[in-house]
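Number of protein chains: 2
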Amino acid sequence: MKQSHLFTKTRREAPKDEVSKNAQLLIRAGYIHKEMAGVYDFLPLGLRTFEKVLNVIREEMNKIGGVELHLSALQNPETWAKTDRWSDENVDAWFKTKLKNGAELGLGFTHEEPLTALMTEQISSYKDLPVYAYQFQSKFRNEERAKSGLMRTREFVMKDLYSFSKDEAEHTKFYEQSSDAYGRVFERVGLGDTTFKTFASGGSFSKYSHEFQTVCDAGEDTIYIDDERKLALNKEVYDDPQVYEATGLVKENLREAKSVEVGNIFTLGTRFSEALGLSYKNEAGESVPVFMGSYGIGPARLMAVVAELLSDDKGLVWPESIAPFRVHLVELPSDNEEVSKEAAELYRELTEAGIEVLWDDREARAGEKFADSDLFGIPLRVVVSEKTLAAGKFECVERASGHTTHKSISELIGHLTA
Amino acid sequence: MKQSHLFTKTRREAPKDEVSKNAQLLIRAGYIHKEMAGVYDFLPLGLRTFEKVLNVIREEMNKIGGVELHLSALQNPETWAKTDRWSDENVDAWFKTKLKNGAELGLGFTHEEPLTALMTEQISSYKDLPVYAYQFQSKFRNEERAKSGLMRTREFVMKDLYSFSKDEAEHTKFYEQSSDAYGRVFERVGLGDTTFKTFASGGSFSKYSHEFQTVCDAGEDTIYIDDERKLALNKEVYDDPQVYEATGLVKENLREAKSVEVGNIFTLGTRFSEALGLSYKNEAGESVPVFMGSYGIGPARLMAVVAELLSDDKGLVWPESIAPFRVHLVELPSDNEEVSKEAAELYRELTEAGIEVLWDDREARAGEKFADSDLFGIPLRVVVSEKTLAAGKFECVERASGHTTHKSISELIGHLTA
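Protein chains in written order, with the working numbering: chain A, 74 to 491; chain B, 74 to 491.
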């Protein structure tokens, strides 16, 4: 993409009302726009990174047998009344609205109820199980106070997967697979070393659930980490003696850290299937409630945590897996027409080789271009200038390390497609 | 994808409360699920077709210089008050909701206001123009009565593109490009012959706008068609003598038809830019309001119209461009293990050749499998059975024409990748 087609401008200063580092950087770099407190728009660069995060998650969900669908945001109160989650006394996250005839509707803050109700039409026999259905879908949550930039918002896309199993044994097997898949997601987006599988309380149907917590000073949570075992406990269970028995963790060996919850997996058991009448006939012909689990990741929060943790004082630093482009081709101003021609040729060849390139073809000073490039955080900057033209090699600078090499077109393509 | 992983079941009968043919077929085939009146979920097959429609539109929008972004659904009343479109007296489509502190928010039914407001931060000089920004984003419209299945719903994804130009001349050039791009979209999804560019009234800033209307008995609109010129008029302008002068159409030559609006393009002029303060400095240093246009397509409505028009008494018939899969590999029941092995091998080879295949690997009767296959509407059915095994060639049946051939694996792959 030519940068001259990108309508967004970078900003030296973040808006004064934006206190979180992730939103400051993402706004300054033109990735997002703040619509109002807790509500953000994705601008072209931000949407590209966001979509890459979705694709990483999608690939990992498909690998464990997930099937993608998409449910509505508008919610029917009747369905939620069956699980006692319609009233504002029981659930404080609802945004509610009304039809013209006065009938109330909700905006989904999660989707256990409608999906369980839907599955009553699809699941009737043990032969229909298990089912692993997931979506990337906009949730609405009426947060009292929205803060922390993209980390806690009132409208956000969530990857929510729901598992429907014959029994607890089948469920547990998938729960572990899902846990491993989450580990791979965080690894692939650059948070592998800082993200800990964390024991949390389990609610009514299992002793523990699990959160995935990324250590981050801007986080709202506190966890207690065993670095060697790469496990943690959250505050809910930290003082519960049983958790140490169950996990073998030793309280004295844990270190405390601020963290952000980037994912969670829950055993739901039969709470929703019983309330909504989702049962199946087993091999003996008996009617049995389906055993469920739910598994969430907020892709925008993940993007925010990466922005928060992997950035430096010059701007964003994306891992290749979720960078909006792989190469930032920076053409420096010159009176020599050959510089532009060379940049165009390089853009063409890289693009043809399947490499995503943002080409800074604007008329602007070199200093401005480099500052924007640093702020954008694209993994590899390739500079085309009179100097590189004379040398026959382009200057290639890795954004993360600053490591600089000089490569010909063929060396560069060889390097990027290796 | 193996059909045994697809949790949806086909239905012989549509739900009784569903009167529209498109929704009846799509529900029976397991493409969509009705959540409530005017609100549908996309099940895996439906989501695949829907995503293909999005991609066709995305490609055509990118070709004319569109840049993709994504705005929020939650809307700030302050922005809409500036154009007098917040009050329910002026706009009857709003769904409104409230923050915990009692402040009202809206759910966007369109996005002229927030995008124009956003652009005031990005556009300041003639050098920043033109800008063509588009999104695929969920709109919410509080329709009095939702009917016609997916054709008119209360929650739906819209492709909305907004153009920001220096002046009317620059705008008009893009308006025509956009019109051509729309023509290509409808052509690619199989509605080229039945869709007519239709003159409609233009509102305050231009004499005419244009709708794209597809002739369809289930449509809510009436248009008047000149088949030779492939143009039409809608009801608003049919009795306006000026439209005949402007277009050269002759009233007596027009035929009346029921139709569905599948797209529209509007000249907005400076109505929104003036109200929201979006201006730029021209080359003479003068401040000038940006000249705008808007361009909408509802991808789910498009999918519904294709379902309505291209189906037959056996079920859906998708064009290749938007079919959920290209090949439906139907393995017939057999005691001979070689049949399953052959199906698995064919699935592997087709998938490796980049062809999307749904493999009916279920234990079910041949009749049931064929009926499901017809209902699904995947363009090519390839049958693997004892008979085809003996013949060394697979039976290949085109869904649309019923045309049948017999091909070896290599002939089939050659045919599909030609």
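Read the hints as simulated data drawn from the structure, not as lab findings. A few of these clues could be false.
If chains are identical, the list can't say which one is meant, so a pair holds when it fits in one copy or spans any two.
To be verified - Here are the simulated SDA-like pairs of lysine to any residue, each with C-alpha atoms no more than 25 Å apart in a straight line:
id : residue 1 : residue 2
1  : K239      : T83
2  : K460      : G138
3  : K239      : Q250
4  : K442      : N163
5  : K94       : L79
- Query: At most 25 Å between C-alpha atoms: does K239 with Q250 qualify within a copy, between copies, both, or neither?
  - Reply: within (16 Å within a copy, 55 Å between copies)
- Alpha-carbon proximity between K442 and N163, which holds within one copy, between copies, both or neither at 25 Å: This pair counts as neither: shortest intra-copy Cα distance 53 Å, inter-copy 46 Å.
- How would you label the pair K239, T83 (within, between, both, or neither) given a Cα cut-off of 25 Å? Between. Shortest inter-copy distance 22 Å satisfies the 25 Å Cα cut-off; intra-copy 53 Å does not.
- Query: Between copies, within a copy, both or neither: which fits K94 and L79 at Cα up to 25 Å?
  - Reply: within (24 Å within a copy, 43 Å between copies)
- Message: Regarding K460 and G138, is the shortest C-alpha distance of 25 Å or less found within a copy, between copies, in both, or in neither?
- Response: Result: close neither inside a copy nor across copies, 52 Å intra and 32 Å inter.
Figure legend: structure checked against the earlier numbered hints; hints not met, in rising order: 2, 4.
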